[in-house]
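So the protein sequences, as listed, match chains W and Z. Here the first sequence stands for residues 1 to 158, where the numbers follow the working numbering. Here the second sequence stands for residues 1 to 704, where the numbers follow the working numbering.
Derived by calculation from the structure, the hints in this document are not laboratory data. Hints should not be assumed to be uniformly reliable.
As the list claims (entries may be wrong) - From the structure, some residues in chain W lie toward chain Z, with a derived Cβ separation under 10 angstroms:
no., residue
1, 11
2, 14
3, 38
4, 89
5, 93
6, 126
These figures come from a predicted structure and were not determined experimentally. Idealized CB from N, CA, C, for every residue including glycine.
So you can see what is in the structure, the chains are spelled out below.
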Amino acid sequence: MDQGIEFQLNGERVSYTGSATTRLLDVLRDNFALTGVKCGCKEGECGACSVLLDGKLVNSCMVAMGRVAGASIVTIEGYSKTARFAALNAAYAAVSAVQCGFCTPGMILASEAILAKTPHPTEEEIRAGISGNLCRCTGYNAIVTAIQSAAKEGNGLW
Amino acid sequence: MKKISKSVVKKDHQTKIDGTAWYVGDYPQAGMLHGRIVRSPHPHARIIEIKPYALPEGYFIVDHRDVPGINEVHIVKDDTPVFAVETVEYIGDPVLMVVGPDENTVLRIAGEIEVVYEPLPATLDVRDSITTFFDYNFGKGDPDSAFANADKVYQEEFETGYQEQAYLETQGMIATFADGKLSIHGSMQCPYYVHGAIAKALGLTPDRVRVVQDITGGGFGGKEAYPSILACEVAVAAYHAGGKPVRVIFDRREDMEFTSKRHPSLSTYRVAVKDRRVTAMDIDVIFNAGGYTTLSAVVLQRGLIAAPGVYNVENLRVRGRAMKTNTVPNGAYRGFGGPQTFFAVEMMMNHIARDLGEEPLPFKQRHLVKQGDATSTGGIYHFPVPLPDMIAEVEQMSGYSQKRATYNTAKPERFQRGIGISIWFHGAGFTGSGERDHIKAVTRLHKTTSGYVEILASQSDIGQGIKTTLCKIVANELNLPLERVTYNNPDTDRVPDSGPTVASRSLMTVGELLRRAAIHLRSEWKEGEDQTVEERFVEPDFVIPFDIEKFQGDAYPTYAWAASAVEVEVDTLTGVNKVLGAWASFDVGTPIDYNIVVGQMEGGLMQGLGYASMEQMATDNNGRIRNNSFSDYLIPTSMDVPVLEVKMHVEEYPLGPYGAKGAGELPLVGMPGAYMAAMEQALNRKIQHIPFSAEDALLGATQE
Ligand code: FES
Ligand code: FES
């Protein structure tokens with residue numbers, strides 16, 4: 001147990017030596033200073049803490065560290081270095097889909113999860129794909145439009 | 001579209017989207033102390049004693065005896081204590097704070113500390129309240145003779161529930177007391193409100209208090225007054241922390257249960273009709289204020305002024321009271337009293353039309369106010385009222401009239417559809433003489449030797465885009481690229497008090513001051529020199545001064561207008577309804593940034609739909625808020641409103657920057673009226689309360 005829990009974090013191998021029951025959210029924020037992962041509820045209800053776990057969108061507040069062993073975790077800090085992020089970033093900027101920004105890092109990773117599965121999603125698929133991510137500011141239209149246009153402009157990236 | 005309306009990339013876009021922006025919860029915590037508030041478990045009780053507790057080394061407690069200044073939070077009437085003294089007035093009333101280095105230990109101690117109370121009788125239902133915090137009466141014309149001469153008099157009561165702001169970032173503050181100065185930063189709309197409150201509670205001169213607004217994850221009114229309360233508590237703890245920073249970040253449950261919400265209301269409308277026309281209204285409004293007054297006076301005022309809606313009612317009597325109950329104090333929420341009365345008046349007008357055998361829309365259209373008409377307070381609608389055109393736009397976008405006719409003749413089947421329309425305004429800026437008498441906004445522009453211009457103002461960007469829009473205005477007047485104009489998060493050590501970020505005033509009022517400052521700077525521009533210019537608020541000449549004692553005069557210099565249609569489908573077997581679409585036309589004058597304004601409209605509209613339907617919050621029989629998480633308090637998701645279309649109608653306000661008026665609150669205000677009008681058609685019965693649930697829909701179906 002002293003080996004700690006090893007996992008890939010934004011492409012780097014890291015290890016965590018605390019309890020296996022600690023929430024991934026807390027470890028990312030407190031131990032690795034990845035504060036782009038936001039905490040909106042800690043109960044799995046808001047999606048602000050979304051990260052990718054082996055490419056799948058998860059609420060990091062609902063993932064215990066024990067489950068992370070050997071997995072690959074991507075947070076906004078890692079994802080923001082990618083070409084796919086650049087496409088989403090431009091698309092979000094063009095329609096001002098970021099208001100208070102608190103949902104945004106999670107929303108971006110949800111967008112990635114949608115496009116990775118379905119490079120050219122329908123509006124319904126997009127709405128379903130972000131339905132676990134609450135946004136109190138935008139009414140969602142701008143976010144849906146941004147994902148649609150990232151799919152179009154970023155053709156080939158996904 | 002004007003050039004200024006063309007959208008730009010928002011100033012704060014990049015750091016928010018790549019996750020590098022720091023909100024208050026994101027600051028490194030090394031060396032910080034954590035605080036946890038111990039709150040009253042009783043709705044009303046006398047505090048007998050706080051039992052001694054053997055605290056571990058490095059931990060301490062603060063309560064009212066540790067408040068170095070005056071134990072009152074400065075809001076409007078300062079009856080909210082920083083920490084309770086003799087009695088507690090609601091479940092959640094702060095009694096003390098536990099402070100120490102390890103957060104889990106602090107939580108444990110806070111759970112273990114014993115406070116002894118003697119429970120007192122509590123008033124939980126506003127109908128039982130006998131304590132009136134505020135009571136306003138006003139009117140015009142001769143309502144008594146209008147009622148005496150009426151063909152028919154209608155009377156109905158309308159009820160609205162709580163609404164929780166549900167900003168995604170919870171409330172939080174970090175304070176440090178060092179070298180005789182208290183510095184605090186956190187999530188807030190109004191740095192100078194916090195500043196004034198701390199100076200009073202800590203007994204410090206203004207220069208010994210510094211407040212900085214952190215990047216803020218949404219406010220919607222919830223971060224207008226509440227941060228002053230939390231800041232005073234955290235500041236008192238910091239005052240005793242030996243120079244260490246004290247941090248309090250609420251978890252979601254604490255935030256939902258104990259911070260201010262939209263006031264629940266009861267409104268009774270008595271309406272006289274003669275020759276198929278409304279001739280008088282007699283309106284009685286009751287707001288549930290909760291345990292302390294906080295912002296109830298001003299929220300109620302706005303609600304009362306809007307009580308007759310967008311209709312020209314020549315004979316009017318309005319009475320409004322904010323009543324005390326032993327429940328969580330209610331406060332500001334986008335719309336600020338307007339949503340409650342607009343819901344009531346819109347439903348009332350629908351019901352009268354129905355009784356007269358007329359469709360609601362033409363009935364309402366016959367009563368619309370127009371330019372030059374008197375307002376409810378004997379002021380004047382000074383500028384054109386664009387509602388007829390806006391209604392036509394909504395008709396066209398939604399197919400309202402045709403759908404309405406089709407659904408009127410629909411056969412009784414399991415799935416029933418309905419479409420409804422609602423029409424409203426939002427008075428732009430502070431109510432009454434607030435700007436002139438209380439706020440007295442001051443702004444500055446500072447040009448550096450290298451030709452960069454910094455805006456010095458106290459507006460908080462809470463997601464509404466004010467950083468971007470203010471910079472656009474200044475850049476435009478100075479003919480500078482947008483990158484050369486900057487606006488940092490307000491810091492009271494550096495910026496003058498340009499007033500709070502509330503009442504849809506920031507862009508219209510402060511934006512205009514900055515536009516004038518920019519013109520001033522342009523006229524004195526000296527290349528390579530350090531220059532500062534200043535502008536102060538002056539009330540426009542045309543305004544009929546508002547007298548708050550009499551409720552007479554122009555409550556607002558101008559108004560933002562709206563019309564919206566909502567279409568629903570109800571499953572009459574389960575009561576579940578879904579929104580098929582929502583369409584709206586909004587006039588907020590010139591959009592200073594088209595995307596930003598549309599984003600405000602869409603987001604606000606969605607909150608209004610949530611308010612009418614799924615956002616259900618209630619107290620239990622002890623007065624405790626039952627719905628304190630996102631699993632019990634549902635807010636709209638991306639799936640709830642598949643079609644949402646907004647059109648901007650521009651009626652320029654000559655005194656706003658480039659014709660802009662207040663925008664942020666408008667879209668929420670009248671949405672419940674449109675939603676419930678649609679539900680009424682689908683269910684073929686009257687609706688008199690929100691939120692309206694699936695159970696409510698079934699209840700009616702079995703009754704009729
Ligand atoms: S913080 Fe994890 S879902 Fe809300
Ligand atoms: S931008 Fe504020 S919650 Fe989405």
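Practice prompt. Please verify that hint: residue 11 of chain W, Cβ, nearest Cβ of chain Z, below 10 angstroms or not.
Written response: 16 angstroms, violated
Fill in: residue 126 of chain W as chain Z interface residue, shortest Cβ-Cβ below 10 angstroms
Because about 8 angstroms separates residue 126 of chain W from the closest Cβ in chain Z, which is inside the 10 angstroms limit, the hint holds.
Fill in: residue 93 of chain W as an interface hint toward chain Z, with CB separation required under 10 angstroms
This hint holds: residue 93 of chain W lies near chain Z, its Cβ roughly 5 angstroms from the closest one there, short of 10 angstroms.
Practice prompt. Tell me if residue 38 of chain W is really an interface residue toward chain Z, meaning its C-beta lies closer than 10 angstroms to one of theirs.
Written response: 7 angstroms, holds
Fill in: residue 14 of chain W as an interface hint toward chain Z, with CB separation required under 10 angstroms
At 18 angstroms from the nearest chain Z Cβ, residue 14 of chain W fails the 10 angstroms test, so the hint is violated.
Practice prompt. Answer holds if the nearest beta-carbon of chain Z is closer than 10 angstroms to that of residue 89 of chain W; otherwise answer violated.
Written response: Residue 89 of chain W check passes; min Cβ-Cβ to chain Z is 6 angstroms, inside 10 angstroms.
Going through the hint list in order, the structure does not satisfy hints 1, 2.
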